[in-house]
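Trainee: Residues per chain are reported as follows:
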Amino acid sequence: MTTVQSPVPASAAPVSGRARGAGARGAAWLRVAGGLLAVLGALLPWATFVLNEGPYPEKATLQFFVAPLGLTGFRLHLALLGLAAILVSVRAVRGRARIVRALGWGIVATSLVNGLYITVEGGGLGAITASGGSAAFGAVVALIGGAFAAAGAVGGGIEPLPVREWRMPWWAEWLLLLVLFGLLLLVVSAVLTSGGQGGVVNPYAGAVFLSFLAAAGGAFAALHASGLLTWLAAVAERHRVFSIVVLLVMALLLPLTGAGTEYWMTVAANIGVYAATAIGLNIVVGLAGLLDLGYVAFLGIGAFVAANLSGAAASEIGIRLPFPLVMIISAVVAGLFGAVVGSPTLRVRGDYLAIVTLAFGEIFVRSAQNNIGGLTGGANAIPNIPQVSAFGTAFNESIAIGAVTLPAGVLYYVLIVLLVAVVMLVFGNLKNSRLGRAWIAIREDEDAARAMGIRTGPIKILAFLIGATLAGLAGAFFAHKTAVVAYDSFRFLESVTLLAAVILGGMGTIPGAVFGASILFVLPEKLREFADYRLLLFGLALVVIMRFRPQGIIPDRHRRTELAPVTAQDPPPAKGAEA
Amino acid sequence: MSRKRAVVATAAVLAGALVLTACGTNRSETGGTAGGSCDTSKGTLVIGMIAPLSGGLSALGLGMRNSAELAVDQANQKCTVPGYRLAFQAEDDQATAQIAGQAATKLSSDPNVVGVVGTLNSSTSQSVQPILAGKKIVQVSPANTNPTLTLGEAPTTDPKRPFPGYFRVATTDLVQGPFAAQYMVQKAGKKNIAVIDDGKTYGAGLAEQFAKEATRLGATIVAREKVGEKDTDFSGVIAKIRPLNPDAVYYGGEYPVAGPLSAQLAGAGLAIPLMGGDGIVDADFVSLGGRPGDLATNVGAPAESLPSATAFIADYEAAGFAEEFSAYGVLTYDVTNVIINALAKVADGGAFDDAKRQELIDAVQQTSLDGANGKVAFDQYGDTTNMLLTIYSVEGSDFAPVETGTFRSS
Amino acid sequence: MLPTLLSQVANGLVLGSLIGLIALGYTMVYGIIQLINFAHGEIFMVGAYGGLAALTYLLPAAIANQWYLALPIALVAGAVIAALVAVAAERFAYRPLRDAPRLAPLITALGVSVALQEAVRVFYPDATAALPFPSIFIEGTLEIPVPGGTVPIKYAGILLALVSLALAAGLQVFVDRSRTGRAMRATAQDRDIARLMGIDPDRVIVLTFLIGGALAGVGGVLYGGYLNNINIDMGFQNGIFAFTAAVLGGIGSIRGAVVGGLAIGLVKSLGGQYLPGGTAYDYVWIFVVLIVVLVFRPQGFFGETERVRA
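Top line first, the protein sequences correspond to chains A, B and C. Numbers 1 to 579, taken from full-length UniProt numbering, label the letters of the first sequence in order. Numbers 1 to 410, taken from full-length UniProt numbering, label the letters of the second sequence in order. Numbers 1 to 310, taken from full-length UniProt numbering, label the letters of the third sequence in order.
If you are wondering where the hints come from, they were derived from the structure by calculation, not from laboratory data. Each hint should be verified, as a subset may be incorrect.
[Said to hold, decoys possible] What the simulated footprint calls covered on chain B by chain A, stretch by stretch (three residues with Cβ under 8 Å from a Cβ of chain A suffice, anywhere in the stretch; the number is not a length):
(1) 89 to 98
(2) 179 to 187
(3) 311 to 319
[As the list claims (entries may be wrong)] Sample of chain C residues facing chain B (criterion: CB under 10 Å; computed from the structure):
(4) Arg121
(5) Pro147
(6) Val151
(7) Val175
(8) Ser178
(9) Thr180
(10) Met197
(11) Lys268
(12) Gly272
Each residue gets a CB set at the ideal place from its N, CA and C atoms; glycine is no exception.
The shape of chain A in the complex, shown without the other chains (with noise of 0.2 Å):
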């Protein structure tokens, strides 16, 4: 989980130090009558009936909430934001309007998610407003709430965000900081579980999902705005190796929280390869600035060197070695190919260098399918890839330690956390490095660099070679994961959604591209039932993102100016707390 920025242009003018007299004053009573609002739809029923695939969530159907503590689930949402943005607006807070605006828009997404879902499934607006003699106003008065709230704040002025610089005593930052990525893991798991698994037994699963992110969205935004979410930011900075600690604990603590299901384990697996390949991703594009549009190949050529040293009966070698053998030969085998498509980088250069990965990367796709060599199975692939297993007991089983039983593939789970950190550390001490000084200076200009006595053509190889053993270490982990290797994994498609990762979570940041190939595989995973949409959606949400903001969600700190549109007012600061 992370902050959701809310995408409202900063377009009011700071009028801060400015009597506003009677403006002032109605802001103020709008803003607290759009929480009351808020509050007061969270307790009037949503739907007039009981919609055709079963009764909508949280007892919407025609129920007045007599009881108000029994609130729960997107009511209860509401009723909180509501709560909130009353609070703030009696209170002398700072940065009052950025917050109340911020909870303003969560309420409005959050009435608007559940608002529209009702009525399209109710067959139209008659679901959500009165029908067949019963009414059900609640969401659009909660609506409307959201939108006196939001209007509420920007009328009475925008302030700049505040800047909070409290310091603790370094235990009690610790504490807090523990405190703060134990809460952050509680949230993830929060989001990965609500609304279920979905299926027949739960058919809005999609629309809880979607409503709990918009409410926890204007949360987070809220809590940006307030100046806080910087100064943890500032702390976890402060006492950096101690929060890379607690973070690695606490993602392998998850398979202890609710989302700790096999189900669950299996994506984060996939999450954990893609990011992994992602992150050897961002030091070609996001480091040294080349742009690799055929990077999938070597996640590809890693699985299918796994896979054909594997001992799967599919495979013409037919040898069997251990896992971590497997990994390291596919890492280095998929580092040479690596370093072949990147020898081009020494007479290419920008567009041209993206078309010759491009060609690589379809001469891959290409070979493979036509089993080049024997070595790819072909159109019949290589299936039945044994399972990793230590100590004789096969990853993809269930373990129980103590009283404890965790779920099957938490082994799987463990290990892609340990690479991906393993991952992230050399890329974060490559981007520090000389060598990684070297990549940002060819990136910015590279016949500055060379001038400046960097021997350019080795360099930028390096960084293919090196990205490509990234991605070569996750495919050999792909392969046992997935159990079967087939070329039709690796296509175009995909090497779009690896750079969409990449740019999606900010280029050059080690969270960045983690984050990003969570979003790229939570969100199909969390709303499969709009999976004719699925493409339609990600090609558009790749346009409204450049559109809105180019540098990513965690943009690099020096990256920022470079991707951040000119006219930009506040570039958010870095937000290092994410896992």
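Go by the hints and put chains B and C onto chain A.
Mentor: Then chains B and C, alone, in the frame of chain A:
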């Protein structure tokens, strides 16, 4: 940010739908769970499906989804499974192995899921099989053709069944390819055959087995070429085989390529018949350029001769699905009924629990069903015993059956 | 063997001239705003579906069956729809990013490409699989006698090649001679200076997208009429080839785009015939040639100097 964007994008799509629906409701009197008058006291059991519901292969996948849904709805109306309401849950595999694995894990971690219909692609089945096998969930595919899925790594020399809970009703390449070769060489008297495929599991396997049998029967394979599965222009391949004077072309692949390929063959002066497998048996083959005299093999007896098939087609149309049932609809309907009938047998004796999963697999193994596509039964490997195949030929605007026969490996 | 060789050459030239026509759009857009407009291949595809829609839903069968009536109408429909989509993409997706770092618009272009392809798949009736495309020219095949046999070329293929080359030649003249063409060249060289000279760069850029889109739309309709089937993937595949052609010929050069297109067409057809691996590897050969050319002549056949951008 992107989440918010996704919310906005979704909202935009929903809002679009809203404009179309105006201010009304679709309130139905029953409101909520269907089930009617059946006894559903023991709860809900879920039949899952894994198929490509998005992307390029979604036409086939959505047809499968609808057909399975139809079978489940009918079972609920007829109270086929005593004490249980059946539910149907289709998951998208995006036609890739790792997403199929996720879908399989999602289904298999739900204790109510009793069986899975699917997948479409053989490569996705390869990742689904071990996951479902781990939970003893029965899987029946209407479409997988790769012989190794049931026969192990050495299908012809040393067949070994890798997954006892996996069944399929699609005939493997080992049946359909040779059957086509026998017809083409022995009955139609073609001696110089060009073999083309699309490089996918289904097409490449089919073409390979066809070529093997045709060579064995004394024909000459004059060319062995590949086209891209998404190509529209086949002039290169055609110019290459033209001087070799083939008297027939065998194409391993599906109708979107086969139709235009046939038309372009004729356009280049090669007025020779094109033959394919069940993947080209579709009226669209002809509208895309399939010519009278083009041939195809299909599994089972012709639909018109089976009353159950016409009943399926009528029911499917009555159900008002947005998509056509397409190539695998009929078989999907059958395999869904295979699972349902086996479940009915198993659930008759008491509540369904994990201990009954093996019983369910055994019940599927002993299936004997008169399905919409003919008789369904399984051999010791989980393959269909229905060796009945029909040769079709294009007449007018669609395929018409020429002859029905039983495959014998000679 | 001679008829086979000549047939493959003919196939290569027909495909190549189409690739060249699409490549014009890439090369013009890249020349002016240095954007790899990945969505351009999809514009070509949208043009084909636009033409098909006009033929199926707009025209009464009596008109659609007369090729001399159907052809111009389909061409105009395809060109207009493709041009509109291209201009809309420029206006709403690319223009806001004009001053952004160069990766941003490239990602946007990938997004537009995916979205356009999916939009057609989801919203055009039955577009999930290949659709038949009616004949819009004299049907049949011209059999050219050569020693040892004949070389067959469809009349529609000849039309496709001739129209493509004529349009490219026309574009060359337009860019060389007309006032607008001069404005385009000026904008390509230096947008700011062009602005000082009284040229409205926005207008020029819109015009570039418009022309490129219309040419691609014409190509889509002619290609559909030549092969009598279209699918939603034809844009991506031919788009990659066309971009390759544009790079081969030297980005920014109209002549280069056409020569590059013909080279790609010939490599595909002759490579599938004579090179090891045959038709299974014909795509691979195209990309191998691309890599080799770029490594040894990075500016392409007609490119002037290597553009220094990273």
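Trainee: Work down the list of hints and note, for each, if the structure agrees.
Mentor: Evaluated hints:
Beta-carbon proximity to chain A at under 8 Å applies to 8 residues in the stretch 89 to 98 of chain B; the threshold of 3 is reached and the given coverage holds. Residues of the stretch 179 to 187 of chain B lying with their CB closer than 8 Å to a CB of chain A number 0, which falls below the three-residue condition for coverage. Taking a C-beta to C-beta cut-off of 8 Å, the stretch 311 to 319 of chain B contributes 0 residues in contact with chain A, too few for the three needed, and the coverage statement is violated. About 8 Å separates the beta-carbon of Arg121 (chain C) from the nearest beta-carbon of chain B, less than 10 Å, and the hint is met.
For the restraint placing Pro147 (chain C) at the interface with chain B, the shortest Cβ-Cβ distance is roughly 13 Å, beyond the 10 Å limit, so the hint is violated. Against a cut-off of 10 Å between C-beta atoms, the interface hint on Val151 (chain C) holds, since the closest Cβ of chain B lies about 9 Å away. With 10 Å as the threshold, the beta carbon of Val175 (chain C) stays out of range of chain B, its nearest partner Cβ sitting at about 29 Å, so the hint is violated. A cut of 10 Å between beta carbons decides the hint on Ser178 (chain C): the least distance to chain B is about 34 Å, and the hint is violated.
Here the hint on Thr180 (chain C) is broken, as its CB sits about 34 Å from the closest CB of chain B, past 10 Å. Among the interface hints, the one on Met197 (chain C) is violated; its C-beta lies about 40 Å from the nearest C-beta in chain B, farther than the 10 Å criterion. A least Cβ separation of about 6 Å between Lys268 (chain C) and chain B falls short of the 10 Å threshold, and the interface hint therefore holds. This hint holds: Gly272 (chain C) has a C-beta 5 Å from the nearest C-beta of chain B, less than the 10 Å allowed.
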